[in-house]
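Given chain P, put chain G in place with the hints provided.
Spelled out from the first residue to the last, the chains are:
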Amino acid sequence: GAGVSQSPRYKVAKRGQDVALRCDPISGHVSLFWYQQALGQGPEFLTYFQNEAQLDKSGLPSDRFFAERPEGSVSTLKIQRTQQEDSAVYLCASSPELAGGATGELFFGEGSRLTVL
Amino acid sequence: KNQVEQSPQSLIILEGKNCTLQCNYTVSPFSNLRWYKQDTGRGPVSLTIMTFSENTKSNGRYTATLDADTKQSSLHITASQLSDSASYICVVYSSASKIIFGSGTRLSIRP
Chain P
129 GAGVSQSPRY KVAKRGQDVA LRCDPISGHV SLFWYQQALG QGPEFLTYFQ NEAQLDKSGL
189 PSDRFFAERP EGSVSTLKIQ RTQQEDSAVY LCASSPELAG GATGELFFGE GSRLTVL
Chain G
4 KNQVEQSPQS LIILEGKNCT LQCNYTVSPF SNLRWYKQDT GRGPVSLTIM TFSENTKSNG
64 RYTATLDADT KQSSLHITAS QLSDSASYIC VVYSSASKII FGSGTRLSIR P
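Here the protein sequences come in this chain order: P and G.
Take 129 as the starting number for the first sequence in my numbering and just add one per residue.
Take 4 as the starting number for the second sequence in my numbering and just add one per residue.
Because the hints were derived from the structure by calculation, they are not lab data.
C-beta atoms are modelled at their ideal positions from N, C-alpha and C, and glycine is treated no differently.
Treat each hint with caution, since some may be false.
Residues of chain G clear of chain P, computed beta-carbon distances all greater than 12 Å [unchecked claim]:
{"#": "1", "residue": "L17"}
{"#": "2", "residue": "D70"}
{"#": "3", "residue": "S88"}
Taking lysine-lysine pairs in the DSS-like style, the calculated list, with each CA pair at most 25 Å apart, reads [unchecked claim]:
{"#": "4", "chain 1": "P", "residue 1": "K206", "chain 2": "G", "residue 2": "K101"}
{"#": "5", "chain 1": "P", "residue 1": "K185", "chain 2": "G", "residue 2": "K101"}
{"#": "6", "chain 1": "P", "residue 1": "K185", "chain 2": "G", "residue 2": "K60"}
Okay, chain G solo, but in the shape it has when bound:
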């Protein structure tokens, strides 16, 4: 069964600290993986895309990794800011035209 599991479910950190969010998937066949950020009351917005051949990709303070062998991805946030408070959703695209969403990690940044 195609599944995307994220951990932790929720996370609270102090402003300025770093954190890492995890995503494990069992989707097959695999096309690519995206991390989306969803602010409260808003729709998700894409942060980064990882294709099968990519291991690491950065977008400002966000760095995503992908290990296609173990089917794991992570999103690392550096020097967190209050505006980083949001849900982060891992989304895996299957070559079979299926898009599978994880349940998200709810991140809260405290001043």
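Bound-form chain P, shown alone:
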């Protein structure tokens, strides 16, 4: 596609439910990032993939958060047993370069807004 596509755009979950957020990056982009953005804050790093390899997951807040990119393209962020503090916008970004590359422009999707009741 022309840009990074994320779905669903909006998700309301009851506390304790599992959710899955999907990211379809720009075709051919090797790097894929997940970020969590609270209201009025900048994006906070969650995890980074280089093709199918998850090279950095240091930002995942707990073991309830899990991300995968099995074929090096589409990625899924899964949150198990959601809690109210998980409410945020989850942004996916892709880049044609390896993390820390020469220009490093990130191309963001529009985000998935998760609300946990």
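For chain G alone, kept in the frame of chain P given last:
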């Protein structure tokens, strides 16, 4: 600790006026710095990139500066338009493959 701090946190100006947003960073090692614009409900979009050797770069009505010695950057917006209302995020790329985001400045342009 690698940090990126932005000021002001929020800003309201009248349409047609100029403004300057500030970014101070303590990221090391430094690779480059980008300013992103994030419209409400959208993902951030890159406005400009500053490398270590660059002092000033313009993109239309946006002019970014970088002082690598003092580790400061600014984004100047000239002749503001209503469509400039957004959050502006300073992002510093470290040579250690880390990308550090500031919290952003929320800019509101009033007619």
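Tested hints:
no., hint, verdict
1, L17, "holds, 23 Å"
2, D70, "holds, 20 Å"
3, S88, "holds, 15 Å"
4, P:K206 with G:K101, "holds, 23 Å"
5, P:K185 with G:K101, "holds, 12 Å"
6, P:K185 with G:K60, "violated, 34 Å"
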